[in-house]
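There are 4 protein chains.
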Amino acid sequence: MHKPLDPDFAARVRASFHNQPAMALIGAAMPVIEPGYTEIHLPYRAEITQQHGYIHGGVVGMIADSAAGYAANTLTSADTGVLTVEYKLNLLAPAEGQLLIAEGSVVRYGRTLIVTQAEVFAVKDGKKTLCALMQQTIMALHGKKEKSEVK
Amino acid sequence: MHKPLDPDFAARVRASFHNQPAMALIGAAMPVIEPGYTEIHLPYRAEITQQHGYIHGGVVGMIADSAAGYAANTLTSADTGVLTVEYKLNLLAPAEGQLLIAEGSVVRYGRTLIVTQAEVFAVKDGKKTLCALMQQTIMALHGKKEKSEVK
Amino acid sequence: MHKPLDPDFAARVRASFHNQPAMALIGAAMPVIEPGYTEIHLPYRAEITQQHGYIHGGVVGMIADSAAGYAANTLTSADTGVLTVEYKLNLLAPAEGQLLIAEGSVVRYGRTLIVTQAEVFAVKDGKKTLCALMQQTIMALHGKKEKSEVK
Amino acid sequence: MHKPLDPDFAARVRASFHNQPAMALIGAAMPVIEPGYTEIHLPYRAEITQQHGYIHGGVVGMIADSAAGYAANTLTSADTGVLTVEYKLNLLAPAEGQLLIAEGSVVRYGRTLIVTQAEVFAVKDGKKTLCALMQQTIMALHGKKEKSEVK
Chain A
1 MHKPLDPDFA ARVRASFHNQ PAMALIGAAM PVIEPGYTEI HLPYRAEITQ
51 QHGYIHGGVV GMIADSAAGY AANTLTSADT GVLTVEYKLN LLAPAEGQLL
101 IAEGSVVRYG RTLIVTQAEV FAVKDGKKTL CALMQQTIMA LHGKKEKSEV
151 K
Chain B
1001 MHKPLDPDFA ARVRASFHNQ PAMALIGAAM PVIEPGYTEI HLPYRAEITQ
1051 QHGYIHGGVV GMIADSAAGY AANTLTSADT GVLTVEYKLN LLAPAEGQLL
1101 IAEGSVVRYG RTLIVTQAEV FAVKDGKKTL CALMQQTIMA LHGKKEKSEV
1151 K
Chain C
2001 MHKPLDPDFA ARVRASFHNQ PAMALIGAAM PVIEPGYTEI HLPYRAEITQ
2051 QHGYIHGGVV GMIADSAAGY AANTLTSADT GVLTVEYKLN LLAPAEGQLL
2101 IAEGSVVRYG RTLIVTQAEV FAVKDGKKTL CALMQQTIMA LHGKKEKSEV
2151 K
Chain D
3001 MHKPLDPDFA ARVRASFHNQ PAMALIGAAM PVIEPGYTEI HLPYRAEITQ
3051 QHGYIHGGVV GMIADSAAGY AANTLTSADT GVLTVEYKLN LLAPAEGQLL
3101 IAEGSVVRYG RTLIVTQAEV FAVKDGKKTL CALMQQTIMA LHGKKEKSEV
3151 K
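As given, the protein sequences belong to chains A, B, C and D, one line each in that order. Okay, so the first sequence: first residue is 1 according to my numbering, each after it adds one. Okay, so the second sequence: first residue is 1001 according to my numbering, each after it adds one. Okay, so the third sequence: first residue is 2001 according to my numbering, each after it adds one. Okay, so the fourth sequence: first residue is 3001 according to my numbering, each after it adds one.
Rather than coming from a laboratory, the hints here were simulated on the basis of the structure. A couple of the hints might just be wrong.
Claimed, not checked - Label pairs and their calculated CB-CB ranges:
{"no.": "1", "chain 1": "B", "residue 1": "Leu1130", "chain 2": "A", "residue 2": "Gly126", "range": "39 to 47 Å"}
{"no.": "2", "chain 1": "C", "residue 1": "Ala2046", "chain 2": "B", "residue 2": "Glu1047", "range": "53 to 61 Å"}
{"no.": "3", "chain 1": "D", "residue 1": "His3018", "chain 2": "C", "residue 2": "Arg2014", "range": "33 to 41 Å"}
{"no.": "4", "chain 1": "B", "residue 1": "His1142", "chain 2": "D", "residue 2": "Glu3047", "range": "35 to 43 Å"}
{"no.": "5", "chain 1": "B", "residue 1": "Asn1019", "chain 2": "D", "residue 2": "Asp3008", "range": "54 to 62 Å"}
{"no.": "6", "chain 1": "B", "residue 1": "His1002", "chain 2": "D", "residue 2": "Ala3046", "range": "32 to 40 Å"}
{"no.": "7", "chain 1": "B", "residue 1": "Ala1029", "chain 2": "A", "residue 2": "Ala78", "range": "39 to 47 Å"}
{"no.": "8", "chain 1": "A", "residue 1": "Leu5", "chain 2": "C", "residue 2": "Ala2015", "range": "45 to 53 Å"}
{"no.": "9", "chain 1": "D", "residue 1": "Glu3047", "chain 2": "A", "residue 2": "His52", "range": "45 to 53 Å"}
{"no.": "10", "chain 1": "D", "residue 1": "Leu3005", "chain 2": "C", "residue 2": "Pro2021", "range": "35 to 43 Å"}
{"no.": "11", "chain 1": "C", "residue 1": "Gly2126", "chain 2": "D", "residue 2": "Ala3024", "range": "27 to 35 Å"}
Cβ atoms here follow ideal geometry from the backbone N, Cα and C, with glycine treated the same way.
Isolated chain A, as found in the complex (with noise of 0.2 Å):
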């Protein structure tokens, strides 16, 4: 359905996901870059819980943040970065499981603005559950300003 403007869309996320430190800490992977679409997937570990031993809510809603984020970054072109302007995320069940896959995708994609949206799972035993809903806000930055600040 999305069109990249830019063929090494798929090299380029990576390469950026695998630039920042804070996705290393919580052991965070992206397996899945397509057109308009990433997935993070994030293995259980008793460092990023809350007190009951469920992923932290805040976790969650980190990759639910990136996944979507990059969703957009995959449709820009080579040289625009891409910025959070804002997000809302409902949770819906405790993240609890062996695994968190977090599926961001595009809903509009604007030359300025873009809107996504991103689901996150918890696997457990096999079975899928949703337990967070996220819409979001994304700023193009033309020119490689991905620096600037929202302007």
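Starting from the known structure of chain A, arrange chains B, C and D on it as the hints suggest.
For chains B, C and D alone, coordinates are given in the frame of chain A:
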């Protein structure tokens, strides 16, 4: 302004915070716990940054979510847990500096639902800049039902 | 997919909708009421526009909020009211055309909280364009407590 | 605190508001227009209520959205239009009383994006109660591009 139901709210909230491995993983502390208000402080570390060296937006969301959730928890009875129903976060400026401070506060306290806000500031060379703003809905789980999912 | 608790959900929801003077004021109708799903149709009228002749964004929000809230209400028991806790709406394109259609649906049904979504489409010369996307939290008020505030 | 770029911001915003038929339809007025701040006042009328006699939540959203959007517009140059990108609204209490007051204010002004907030109060028998809280993202459309869609 807010009157806590539990005189030992500060010790209770501090213990819960220290029970979250994810907060230790990123290096967060909670030095301020008042009725209807908490602060999470997060010093800069390379491990929590994104590709441009700023603290990761997802980490900013984590401490905003937690500070406001615990602000709600200061006002509940001792046997009542809290759960994040949802939040909406605007990122206003890069999280750049030596320290982040997330200030969570209760806007409206209800028996079942508690509405909160958080502001996250980046402290750089002594200057405090607002870098994120969050609005959040918290659910109170009476009778230690902290482990339950949203029902 | 969703099973309604009340066999007469459609008549009940229709009656409630017709009891809202604000929906009559803007000229909205609810021709589709299914389990976990409703549609509000709103024909163009000059009275509901903004300064450029499009239907007002606030009116778009009104029908998104109502369609999704009533989608939740289709699944509750007959003596349970619903209340909008909060919603987040992205406006994606101008509401331009002869008709708006708000499609509200339930994402997750819980006893106390129900998470919903709405899409609003503008129909212009036979073409349907997505113009708004909403994510919402609804509270169920058991025992006809529809008049109560959020507590 | 905020310095308007356009010395005639108040007259410009007032004219735009009076150009919105939807605001006239519900009976809204904008008696206060300051730099980075506006108020919309909405007297009770049976036509704008829901089934329990309170002012409809969708109408509360309309005036919150508009008050904050116009607060952003007070700070732009004369030839710059504004567009609501998205907003998130928590309904805190029923909109019950003789008058609603929506107070919109700018949190962060940027060249492209402006982040705002709104509080809506219900005035009943002389008592002012907070009934809604909104956080919003506004886009500035430079060069009178008010009619454009989000791009």
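Next item on the list: Return the numbers of the hints above that this structure violates; sort them in rising order.
Entry: Every hint satisfied by this model.
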